[in-house]
Amino acid sequence: MTTRRDPDRLIRAFLLEGEDVLTDSVYDAVRAEIDQTSQRAGFGPWRTPTMSKIVPIGLGVAAVVFALFAGAQLFGTPTGGFGGPPDSSATPAASASPEPSVERSATPEAIEPYQVVVSEPDDPVQVSFTVTSPGWMDLPGLGGLTKNDDGLDPPDTEGIAVLAWSWPAGTGFHVYGHPCQWSSTIPETPATTWREILAGFEAQAETEILGGGGPPPFAHGIDGVRLGLQVPLAYEVPGATREEEFSACDESIYAFYGIEGGTEPERNAQGPGQIDELWILDVDGRTVILDVAYGPATPAELIDEAKALVESATFEVP
Amino acid sequence: MQEELVRQAQRGDAEAFDALARQVGDRCLAIAVRILRDVDLAEDAVQAALITAWTELRALRDPSRFEPWLHRILSRACFAEARRRTRWYEGPRILPVEGAYGPDEYLTVDDRDLLERAFRRLTIQQRAVLVFHHYLGLSISEVATRTGIPVGTVKSRLHHATRALRASLDADARASAHTQERMA
Numbered sequence: 010m011t012t013r014r015d016p017d018r019l020i021r022a023f024l025l026e027g028e029d030v031l032t033d034s035v036y037d038a039v040r041a042e043i044d045q046t047s048q049r050a051g052f053g054p055w056r057t058p059t060m061s062k063i064v065p066i067g068l069g070v071a072a073v074v075f076a077l078f079a080g081a082q083l084f085g086t087p088t089g090g091f092g093g094p095p096d097s098s099a100t101p102a103a104s105a106s107p108e109p110s111v112e113r114s115a116t117p118e119a120i121e122p123y124q125v126v127v128s129e130p131d132d133p134v135q136v137s138f139t140v141t142s143p144g145w146m147d148l149p150g151l152g153g154l155t156k157n158d159d160g161l162d163p164p165d166t167e168g169i170a171v172l173a174w175s176w177p178a179g180t181g182f183h184v185y186g187h188p189c190q191w192s193s194t195i196p197e198t199p200a201t202t203w204r205e206i207l208a209g210f211e212a213q214a215e216t217e218i219l220g221g222g223g224p225p226p227f228a229h230g231i232d233g234v235r236l237g238l239q240v241p242l243a244y245e246v247p248g249a250t251r252e253e254e255f256s257a258c259d260e261s262i263y264a265f266y267g268i269e270g271g272t273e274p275e276r277n278a279q280g281p282g283q284i285d286e287l288w289i290l291d292v293d294g295r296t297v298i299l300d301v302a303y304g305p306a307t308p309a310e311l312i313d314e315a316k317a318l319v320e321s322a323t324f325e326v327p
Numbered sequence: 014m015q016e017e018l019v020r021q022a023q024r025g026d027a028e029a030f031d032a033l034a035r036q037v038g039d040r041c042l043a044i045a046v047r048i049l050r051d052v053d054l055a056e057d058a059v060q061a062a063l064i065t066a067w068t069e070l071r072a073l074r075d076p077s078r079f080e081p082w083l084h085r086i087l088s089r090a091c092f093a094e095a096r097r098r099t100r101w102y103e104g105p106r107i108l109p110v111e112g113a114y115g116p117d118e119y120l121t122v123d124d125r126d127l128l129e130r131a132f133r134r135l136t137i138q139q140r141a142v143l144v145f146h147h148y149l150g151l152s153i154s155e156v157a158t159r160t161g162i163p164v165g166t167v168k169s170r171l172h173h174a175t176r177a178l179r180a181s182l183d184a185d186a187r188a189s190a191h192t193q194e195r196m197a
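Sequences listed follow chains A and B, in order.
Under the working numbering, residues 10 to 327 are what the first sequence spells out, in order.
Under the working numbering, residues 14 to 197 are what the second sequence spells out, in order.
If you are wondering where the hints come from, they were derived from the structure by calculation, not from laboratory data.
Note that the Cβ used here is the ideal one computed from N, Cα and C, for glycine as well.
Some hints could be false.
[Unchecked claim] When the alpha-carbon atoms are kept at most 20 Å apart in a straight line, the in silico SDA-like pairs for lysine to any residue are as follows: (1) Lys-168(B) to Glu-155(B); (2) Lys-316(A) to Thr-198(A); (3) Lys-168(B) to Arg-21(A); (4) Lys-168(B) to Ser-261(A); (5) Lys-316(A) to Asp-291(A); (6) Lys-316(A) to Glu-167(A); (7) Lys-168(B) to Lys-316(A); (8) Lys-168(B) to Ala-180(B); (9) Lys-168(B) to Arg-134(B); (10) Lys-316(A) to Glu-121(A); (11) Lys-168(B) to Glu-167(A); (12) Lys-168(B) to Glu-252(A); (13) Lys-168(B) to Glu-253(A); (14) Lys-168(B) to Phe-92(B); (15) Lys-168(B) to Asp-17(A); (16) Lys-168(B) to Ser-256(A); (17) Lys-168(B) to Pro-16(A).
[As the list claims (entries may be wrong)] Calculated from the model, a selection of chain B residues having no Cβ within reach of chain A, i.e. all distances over 10 Å: (18) Met-14; (19) Gln-15; (20) Glu-80; (21) Arg-133; (22) Arg-134; (23) Ile-137; (24) Gln-138; (25) Leu-151; (26) Ile-153; (27) Lys-168; (28) His-173; (29) Thr-175.
My request is simple: use the sequences and hints to build the entire structure.
Below, the structure written as structure tokens:
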């Protein structure tokens, strides 16, 4: 007579057996790789995971002190030079020697307009904004500014971000056929001009283009297009995480576009209802995308502030 | 401590990430080995997962959730390794049993061989669910979080995988009983 044994216990015992020490060679290989690899910056717009709710307050205080000093040192007293459309040929004063991100983070209560370079030093195009209202914070490493970061994702956030990204001439963009099934809808031919990128968004499933197709409102002759995209609110699951809301999507990611040669999307959505107003520009053959990202709960006056920032942009090709 | 290392690494501190990796590396290897049933493949998967974690770390919103977040990346890395390597489809290779737990006396050599063969017949996704649930002792919802699949899918995969393993054990038990009856 045989004694029947507990199969679940057998399975657990089986799974407990095996190697459980990672060799030093793997740690060494990882270390060598990360020393050569930059962290991705293009994932979250207004969410800055490195900044707790306390840190921005500290930065704000530091920035007040800095701005009182630097405002006089770098820009002096405004003489009316910030009133009209920025001149793309002008070299931003701050771009010659970009200040550390903390020092160009926020603005004092009594704001005097100042110009800030948001690009990283090795970006193909250096983008500057003129800040004319208080409360804007730098997004270190992300290439942009944010205001009212409340720690929430769309559709709940009332915050906003203004992002400025650029790519070398000839870069191919994969505007996915479907943002949810992005990995299986990569177009065969990448888009390399703003017109081709626009055509990709127009053909993109689920993407609602808001007021699209218009020329960018730049007075200095930069070619491009302005359009708005919105993630469908149908993905909203109250109380769920971003990954849960997009769990039906490839790798739980809802993505608008990627870059040729990249294995991951370049621009992911942070939540249902997210609106991205894009200025897709050709700056001396390089593609620049200015992205105002916010949610349906973001106040209209804040959106207007962000658009004013975009319209103040100047561009410098190193 | 781990949360502070995560925050430092999110600011681009490679030293902090190295320290973080050494805190979680052994557990990652243990998971990957049990899913992939191959130490070399598991090391490759862990290496890929850690590098991905470094590049994507700024997307992690809650530093206290670093390890679950890493495990999701790891499970994807295991799936990718399984797809990439044809040698994964080669014949069974019995894992070395030395480790922190050592061989369990409840398991006979026959049990081990039987389960190894049955386990290898499961899909890589079914294995991942079994490992997260039975090896790490996670709840169904936590398994869903760490593998990035819906709870219902976890339940389904767990059910089918467990049934397959039980079926192979039952078949062996029946065969043994039949042999004993014939010899009696």
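Exercise for the section: Sort out which numbered hints this structure fails and list those numbers smallest first. Expected result: 2, 7, 11, 29
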